[in-house]
Structure formats: C-alpha cells, structure tokens
Amino acid sequence: MGGCRVKTLILILRSEIRLALHQIGDSAIIVLFFILAAVLFPLGIGPEPKLLPLLAPGVIWIMALLAAMLSFERLFTPDYEDGSLEQFAICPAPLEIIALAKATAHWLVTGLPLIIASPLIAMLYRLPDSGYSVLLTTMALGTPAISLIGTAGAAMILGARRGGVLLSLLVIPLMLPILIFGAAAIDATVSGFPVGQHLMLMGGFLLGSLVITPLATAAALRQSLE
Amino acid sequence: MGGCRVKTLILILRSEIRLALHQIGDSAIIVLFFILAAVLFPLGIGPEPKLLPLLAPGVIWIMALLAAMLSFERLFTPDYEDGSLEQFAICPAPLEIIALAKATAHWLVTGLPLIIASPLIAMLYRLPDSGYSVLLTTMALGTPAISLIGTAGAAMILGARRGGVLLSLLVIPLMLPILIFGAAAIDATVSGFPVGQHLMLMGGFLLGSLVITPLATAAALRQSLE
Amino acid sequence: MIKQYANPARFNRLAGTLLPWLAWPAAFLILIGLYFGLFNSPPDYQQGNTVRIMYVHVPSAWMALFIYTFMAVSSAVGLIWKHPLAHLSAQAAAPIGTCFTFICLVTGSLWGKTMWGTWWVWDARLTSVLILFFLYLGFIALHSAFDNPTRGERSSAILGIIGFINVPIIKFSVDWWNTLHQPASVLKMSGPTIHSSMLTPLLIMAVGFTLYFFSLLLLRMKTLMIRRRARALNIAHIHQPGAE
Amino acid sequence: MQFFGQNLSCMRGERLVFSGLDFTVKPGSVLVLSGNNGSGKTSLLRIMAGLTHPIAGELAWHDGFVADNPERHHKRINFVGHLDAVKAVLSVYENLKIWASLNGGTDKTISVALKKMGLEGLENTPGQYLSAGQKRRLSLARLVACHTKLWLLDEPTIALDPASFNALRDLITEHRNSGGMTIIASNVDLKIRDTTELNLHNFATISEGIWEGVG
Amino acid sequence: MQFFGQNLSCMRGERLVFSGLDFTVKPGSVLVLSGNNGSGKTSLLRIMAGLTHPIAGELAWHDGFVADNPERHHKRINFVGHLDAVKAVLSVYENLKIWASLNGGTDKTISVALKKMGLEGLENTPGQYLSAGQKRRLSLARLVACHTKLWLLDEPTIALDPASFNALRDLITEHRNSGGMTIIASNVDLKIRDTTELNLHNFATISEGIWEGVG
Ligand code: HEM
Ligand SMILES: Nc1ncnc2c1ncn2[C@@H]1O[C@H](COP(=O)(O)OP(=O)(O)OP(=O)(O)O)[C@@H](O)[C@H]1O
Ligand SMILES: Nc1ncnc2c1ncn2[C@@H]1O[C@H](COP(=O)(O)OP(=O)(O)OP(=O)(O)O)[C@@H](O)[C@H]1O
Ligand SMILES: [Mg+2]
Ligand SMILES: [Mg+2]
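Chains as they are written, first to last, in the working numbering: chain A, 1 to 226; chain B, 1001 to 1226; chain C, 2001 to 2244; chain D, 3001 to 3215; chain E, 4001 to 4215.
None of these hints come from the bench; they were simulated from the model.
Heads up, a few of these hints could be off.
[Unchecked claim] Each computed DSSO-like pair below joins lysine-lysine, with the alpha-carbon atoms no more than 30 Å apart:
hint, chain 1, residue 1, chain 2, residue 2
1, D, K3075, C, K2082
2, E, K4108, A, K7
3, D, K3149, D, K3097
4, E, K4115, A, K7
5, D, K3116, B, K1007
6, E, K4108, E, K4097
7, B, K1007, D, K3149
8, A, K50, B, K1050
9, E, K4097, E, K4075
10, A, K50, C, K2222
11, D, K3115, B, K1007
12, E, K4097, D, K3191
13, A, K7, E, K4075
14, B, K1007, D, K3191
15, E, K4097, A, K7
16, B, K1007, D, K3026
17, A, K7, E, K4149
18, C, K2222, C, K2082
19, B, K1007, D, K3075
[What the hints assert, rightly or not] Partial list, derived from the structure: chain B residues whose beta carbon lies under 8 Å from chain C:
hint, residue
20, L1054
21, V1211
22, I1212
Predicted model only: the values in this text are computed from it and were never measured.
Beta carbons: idealized from backbone N, C-alpha and C, even for Gly.
The shape of chain A in the complex, shown without the other chains (with noise of 0.2 Å):
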C-alpha cells in the first residue's frame, strides 16, 4: 500500500514537473519579481547604505513571501476549472497524496529559485558576510513550510466560492511565525547572537506543517467539488 502510494506521488510530481518544465521560464519570472521588488526598496528609502543591510533580512523574507502569494492563485485553479481536480478527486490515489505532491511541485518551481535568488539580494543590501549562510539555512526551511501552506490556502480559496472568503485570510497569519523567526535569525546571527534557537523553531513549523497541511487541503479541495 505504502509502496503504491510513493508511485503515485513520483507519477503526478512527473507530471506536475513535465507541465511545469513546458513553462519553466516562470521560475526565471519568480527570479526577476524577487529582485524587482528589492530594489524599490532603495528608491523608496532613499539609499543610505547603512540603512541598507539593516533592511536586507526583512526585505528578503517579506519579498519571498509576496512572490509566493502571487503564485498560489493559479494552483488549483486550472484544475479546477478544467475538471482535472474531479479526476484527482475520483483517482483511486487518495487526495493528500496529490496535495502534497503539488506543494513539492509549487516549491521546486517557486521555492528552489527563491532560495538561489535570495544571497543575489542579499548582496544588493550588502548583508554582512556572516549573514549568509544563516539566510540560505532559514530559506531552506522556510520555502517548504510556506510552500505547503500556501498549498492549503490555495485549496481554500476554491472552495471559498461558497462563502468562505475569510479562509484566505488565514494564510497570511499563519506564514507569519516563518518570516519572523526568518527575519529574526538572520539579524541574530550577524549581531553575534546564537540562532539555534530559531532555526530549530522554524524546523518544527515546517514539520508540523508537513503532517498538517495535506490533510487541510485534501479536506478542502475536497469541499471544493461538492
């Protein structure tokens, strides 16, 4: 049983990665979004480069998280217009395993680039040399536990047609533990203060987002069809 649900998740990740390799330029479009929305920061602020890297770990994660909210609209919702959601649905695979095989999808397209794009930022704001690897690390957790998130919010807002606007409303909240720790360890790190403490917090979001949100999706892509 275990062994046919690990096939099928390998089957729709295949097929979820071929559909997302005809398009892998959006990666590149997450990329220039990413970079774009970083630098209006230095022409909103004014660029006084001793502000700049103060601003850098609070940009990175802010911007991560706004790329990523504008990509979970169109997860669900062209299969859910195209009726690939009922054949999911009716597919003796059972639904958590699509949805967590889309979140992986969404975070090999979404989260991965992302996390490349983020020591390029990171450079723009002149972060301190010994914020780096602080950064790359909290990505690393952090993409996924957004990415699986995200994936339960996209699912909501389809079944959101039938009244349940203020789901949505939750994701937002709930991504919030991630950019603080987020935020909050790169700055640790480079005032010399120990981070272990927040890298183990984020570590357990994303766990426990792991358990959690497929469930939340399946349950509400499920709601979605009724």
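Take the given structure of chain A and dock chains B, C, D and E with the ligands to it, following the hints.
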C-alpha cells in the same frame, strides 16, 4: 453619444461594485497584507525609534504598490473564463469605456481602502504630523494611476500561464515613478521642503495614464479573444 | 515593395544574402574602434584612462535605446498591419537589447565606481535605464508566457508600445532633473561638443555595434522563422478530420 | 437588408482552417453551419461576431463593411457561445439585466425573456445554483431580452432538455418570421424547416501557412 | 456484481433536489438518467462518482458500501463530466497518459483509445489546438485507456459530430457486451437498445430544506 457612454460607464460600474460587494473579502486580504507587511517590517529591522520615521514614506508606498499587485490577477480572469468578456466585446459600448469602468471599480474596492489604511501605518511608523496631509494627497493621486496601469497589465496577461508574478514584473517598472515621487514628496514635506513639483508630476502621471491605459487595456482585451 | 520582402520565404532568402555583408563589417569596425579607443586616443584631462570605458558604455547605451525604439516600432507595425514578420523582428530584437542594456549598466557601474566612488546611485538617468532593463525582461517574459504564440506576440507588442514612454525619459532625464550623470555631448540639437580624437572612435564603435545588432537580428529571425515553420508543420495535419 | 461574407479565410494557431468561404443571409433565413469536429464552425461564428479577424476576406452588411463600423455591427448582433457568461454571485435577474441594459433591453423584455426560456420562479436564484441547462437557458434568454437583427448561436442546444429545445426552436421561428436572421453552428439536427446549410468541409484547406518555404 | 443506491436524497445549495431515490445497475446494463434541466441528473451522477455526498441514503456495491471503502469504489469507476480535463500545454498523448497511469492504463490501452476515438494523427498536438469536439473525444478516450467496471457519463454527446457519436455508441455497446455497466445522464437520445430509464422527475421534492419551520 457622449451621454450614452457615460450611461454605459455607470451601468458597468454599478454591476462591478455589486459584484465586488459580494466578494468583499478580496479587498480585506489586500488591506490585511498592506498592514501585516508594514507591521512586519520593523520586526525585521528591530524597532529603532529613530529609524522608523525615516522609513515611513518609502514603506507605505512600497507596501501599497505590492498589495495592489495581489488584486490585479482576478480583475479580468473571471470575465475571461465565464465568457462575459466576449459579451463585453460585442456589446455596442466601446471596450475603452469598459476598461475605464473596471479600473474605477478596482480603485473603489482596493485603492480607497489603501488610502484609508495608510495613516494607520504612518502612525505606527511615527511619521511626523506635518506629513499626513501630503501622504493622503499623494495616495489620492497615486492609487488611481496604480489601478489604471494594473488594469492594462491584467488585460495583457489574460490566458497566460503565470498570472500574478508575471503581471507584477510588467507593471511595477511602469509604476516606479509613482513610488519615487510619492515617497519623495512625503520626505520633502517632513524635511520642510516644498512639494508642489512632486505633486504636479504625480498629477501629470495620473492624467497621462488616464488617457493611455484605457486604450491599451481595450487593445489587449480585444486581442485576448482572438 | 514592403509587401514583397515581408513574405517570410523571400525575407529568409534576403536575410541569408545580407548577413555576411553586415557581420564582417561589424566585426571589422568593432575591432578598429576598440583599437582606437583603447590604445590610440588621448586620455581625458580629468578622468585619465578610465575614460576608455566610454567607448563601450556610450555606444551600448545608444543601442539599448535604439533597439527598444526599433522594438516599439515593429510592435506597432505588427499590431496595425498584422504582419507576423514585424512581431517576429520585435521578438528577435528583445534579447539583444537586453544584453546591450546590461552592458551599459555594468560599464556604467564600473565607471561610476572610479568616478563617483560608488557602484550605483539612484539618480534619474540610472534608474530609468534600470527600468528599461526590466521592461526588456518583461517583454520577453510576457512573450513566452502564452501557450499560443500569436497571443504572446500581440500582448507583448502592446507592452512594448506602452514602455516606449521610458525612452525619451532616459534621453532627457539629464536635462529635466538634476543628475549626477553627464548630459549629452554627442547626440544633441546643437551638434557634438566633444573632441574629434574621441568622437571618431566613438562613432566607429557605434556604427560597428549597429551593424552587429542587425546581423544578430537577421540571424535570430531566421532561427525563429524555422522554429515557427516546424511548429506549423507539426500541427498542419490537425485538419485530417477525425472519426470517420 | 442582408449580411454576407466574401472570400473569408481563417487561421488558428499556425493553421489555415478554411479559405475562400462565401455566405449570405437574408431576412427570415436560417443558416446552419455544419462539418466535422474541428472543421471551423466555432471559428467562423466568432469571425462573424467580430471577435476574431479573418486573415483574408470581408464581412459586410447591405450598407457597408463591418470593419468600417464595428459598433453598428455590434448593435445588430447577439452571440451565444460555448461560455454562458453567468456570474455565480448574481441572481438570474441581475445576470440578464447587465447584458440587457448594455444592449438596450428593458425590464419588460427581460421578464418576457425569462418567461419564454422557462426561468420564471428562478429570478432570484444566484447563478451558481443553476444546472448546466438552466445556465444555457439564461444565456439564450439574452436573445429575447435584447432584440437584434442577427443571432449567432454556437451549439445552442447543449444541455437543453426537450421542452427547452422546443422553446428554442419556437424562438428561432418567431425571430425569422419577424424578419430576423439566424446563423447556427450545430452538430445536432434542430428540426427547423427551410434552413440553408453551409458545410465547412467544402472550404477546408491543407496548408503550411505563411511560413512555407522558410529554412 | 452490482452497483446500487438506496433512498438517496440530494441537497444543492439550500434546496432538496430529489429524495427517496433507488437504483440498481447490473453487469451489461445501461442506465439512462432523464429529466428536465435542473432535475438533478448531474447531481446524482456526481454522487455516484463520490464527488458529492448525499444527505441521506447509501451507495453500495455487492460487496460493501462505497462510504466504507472509497478507494475501491474509485478503482471501479470512470467519470466523464462537463469539463474535459485537457491541459493546454500537454499533447493529446501526454494528456491521456496522466489519467491512464494514475488509473492503471498502459501504453497499449492508450493507443487503442486514441484510435477508437479517432484521435490518431493528433497524438502530438497540444491540447490548446483542439476544437470543442476534439477535446470531448479526448475526454471520452479515458474510458478506453483505463478499463473500469462502471462508466459514469454526463451528457457525453456534447459537441460530437455524427461520426464520433456513432463511435461513442459502439464503445458503450462493446463495454456492456463485456459485462460493463454504464450510467448516462443525457437529454439527447443515444439510440442504444435495451436501456433502463430513470426519470429524476419522479423523485423531485418541493421542500424548504432543513430550515423549514424556522422563523
Ligand atoms: C550604471 C550607470 C550608468 C548608466 C545606466 C548610464 C546610462 C547612460 C545612457 C543611457 C547614456 C546615453 C544617453 C544619450 O544617448 O543621451 C549614457 C551616456 C553617457 N554616459 Fe552613462 N550611464 C551610467 C554611468 C556613467 C558614468 C559613471 C559616467 C561617467 C562619469 C557616464 C558617462 C557617460 C557619458 C560621457 C555619456 C555620453 C553622453 C553623450 O555624450 O551623449 N555614465 N549613459
Ligand atoms: N453548485 C450548486 N449549488 C447549489 N445548487 C445547485 C448547484 N448546482 C446545481 N444546483 C441546483 O441543483 C439542481 C440540480 O442540478 P443538476 O445540475 O444536477 O441538474 P441536471 O439534471 O444535471 O440539469 P441539466 O439538464 O440542466 O444539466 C438544480 O435545480 C440547480 O438549481
Ligand atoms: N485556440 C486555438 N488555437 C489554435 N488552433 C485552434 C484553436 N481553437 C481551435 N483550433 C483549431 O482550429 C480548428 C477549428 O476549430 P473550431 O473550434 O472552429 O472547430 P469546430 O468546427 O467548432 O469544431 P467542433 O465541432 O469540435 O466544435 C480545429 O482544427 C482546431 O484544431
Ligand atoms: Mg465548435
Ligand atoms: Mg447536468
């Protein structure tokens, strides 16, 4: 003829607003993001009381711009997918009027709440009292331009695979002048400089977009149906 | 006349003939220009040898502006007369323009580091060039975001036309605003105000870059046309009516 | 008064779907577009509505080309396509009202339309609560709510039950009797008498399109 | 082996669509759901597919309730609804492959399916280039690509040309001859012999739903 067009404008505006009221949660998300992102920012920087007022104008404008980005994707896609756009295209009213009505409705639902929320954020950032009137003036001049340009962008991406992120990549560069002058005007007034020139430039920009974007939007809509 | 060469097959042949006549002179002129610029021109009395960055910086800045203008005109022609070759030329020009803009930004930054002591300042000229860079990227992104190529080219054409507003802003930003950047000394109404020992290599480079652009453009258009044909052949048989 | 097309050619993607197509519709006539799946019925109908443009050929009314005065053309047509243009949150009445008021319909024509398409009693039902056939009926109700000369219908019978099928037929008959013109793309026999048929199969072309000979 | 429902009631929005509905399908039989627009054909079919849940009643196979083992139920069914589940960027072959591989189809069944639905030659065509009828045919090809006991078809003939209509009919006949079961919601006469009809009109209820008596 002219009267007839104004009538059409009002008709569409009314139905758009009625639709928007049914989906009031969407505007709530935007304002929530605006506030959350702005609140979060000091968390990333550490709330140094001296720094915050310096950041206020820039942060308010950047967050307003980014929050608006969340809303453009859904501006035309429902109409595109349910066939309403076809009907708009073949109804006797020119598409330019419809584009204008859509932008106006978008501003009422998104721009106006952002304007109302902006003094709140300014307060959080301890913007000096002298800045508020200029803040509101620039918001009043800038948000309609954002709505207009975003409408054109939303029309261009109809049928594209990636929605929100791509759209932002297209329209943010075009909106940069708003951000730059908007933030600079508030900065200037707080430092005691005159702001007339900034406001005039923003007004000019608004007028320019009022003339150009309905044409561009209509052209983009027309060809999205081909 | 235009109709005649706007036929893809004929244009393809014409492009094949023209290509060597553009590519070789381009290579030649760029080499000459580089030689004069780097070794055979006087150092600036203020800037010393760093002034030699100019021979790359200025022509690529011009090309960045010129290619965007070219793209906007092609897009307009494509939208108005619905000619696919016009869209194709805009599509072919975009990445080339992006590269020139990038070169302009990089050389400008290098120059800025020595002259102004910083890689980057947020002044009007520099910012507007950065916007141009993003407009190029946006054009390319929009073009490739559609499953249907016709949709992609028309949509990006509209963006190309709107974005053209930025070109005069870049050009005149130095006059309209107080900027750190140098105002025009070559391309201006009252004639150039730059010594001929610098002007000559500059112009040679500019002509070389232009020819280089056009050879790349033709090459890319040829490739794109072949790709289109491959796609057309691929779907030509859709019409074989199905179940009968 | 007549509506006609001359030498129309249509390109979808990179493929020439049909070419050299002529047609004429006169008051009181019903033109049925037939042909296999993929022969271009929908494409032709969208060209007639002015949504797509033919790569060659002209559409015209007795008093001038469509391209010269698209607004006049739009005043004369009504198009019911595959998509129903029904908003989920608006009621049946509100949905119809939008299109009627944009096209010069009145409250009176709206209520007649609802009645003719058997939608009375559903006026206040939100669009999302409608079944496929009810949505289609709402979409067809536009034909009555805003009166126009020319109706363009793409597979109008999809999802209709027999009673509504008959209602639609009566609608078309009434329309033609009062001098209206109708163009229908359908794979289903509508059982209307005296229709003219246009089989798109006859205008099919195999062509490589404009990129022929490149490379 | 049989599939049956007992005392089913369905609620859509706040309205009770039907109640007290029973049905049974045996191997080799074809059940046609009929009834006016809005009588609940689609709703019943979605209940049978396990997409929606009835507010009362049970669905069961000879060997147990559907609710107790939904995965087993899903292994036994194939559902073709209004939506075609065709991805624009994937080719016809790739589109079919996704669903086939999730439901145990093989490369061989895929090519048989494409052939039976007249889609050979279109294997490498992207979904976006298909006309309405071609998309529908691709959607119906799933029935052949992954073999299941029970087919649930919602208005399967929509947009099909006469040739494909016949192909579909042959498919169903073949399926029943090999002991398969078919349930079809359709307003169009499919011209299949020996079908059982279930008219949803007979189970319609006028009811205020659960809020009855409040206020
Ligand atoms: C990244 C930074 C820079 C950018 C984006 C930039 C952009 C441009 C552009 C767009 C032009 C063409 C203007 C026209 O045609 O009128 C130009 C010309 C020029 N730039 Fe820059 N530039 C940068 C940095 C610099 C620096 C640091 C210097 C030297 C101090 C410099 C010196 C010049 C000169 C001398 C010209 C020629 C003006 C003329 O004679 O017309 N630039 N630059
Ligand atoms: N999503 C929904 N929410 C609430 N009510 C709905 C929904 N969909 C349909 N209904 C209602 O349920 C009833 C049954 O709809 P259903 O789609 O099952 O009818 P149907 O028999 O398939 O009709 P048709 O022949 O038009 O396809 C209709 O009266 C409709 O108003
Ligand atoms: N968006 C599109 N892009 C490219 N080609 C398309 C597109 N839509 C349809 N086509 C192609 O154009 C041809 C005509 O399609 P059209 O939809 O007009 O056919 P139709 O006669 O309406 O068929 P059906 O009976 O299936 O509805 C088809 O062969 C199809 O492959
Ligand atoms: Mg069709
Ligand atoms: Mg139905």
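**Prompt:** Does the structure break any of the earlier hints, and which numbers would those be?
**Reply:** 10, 12, 14, 16, 20, 21
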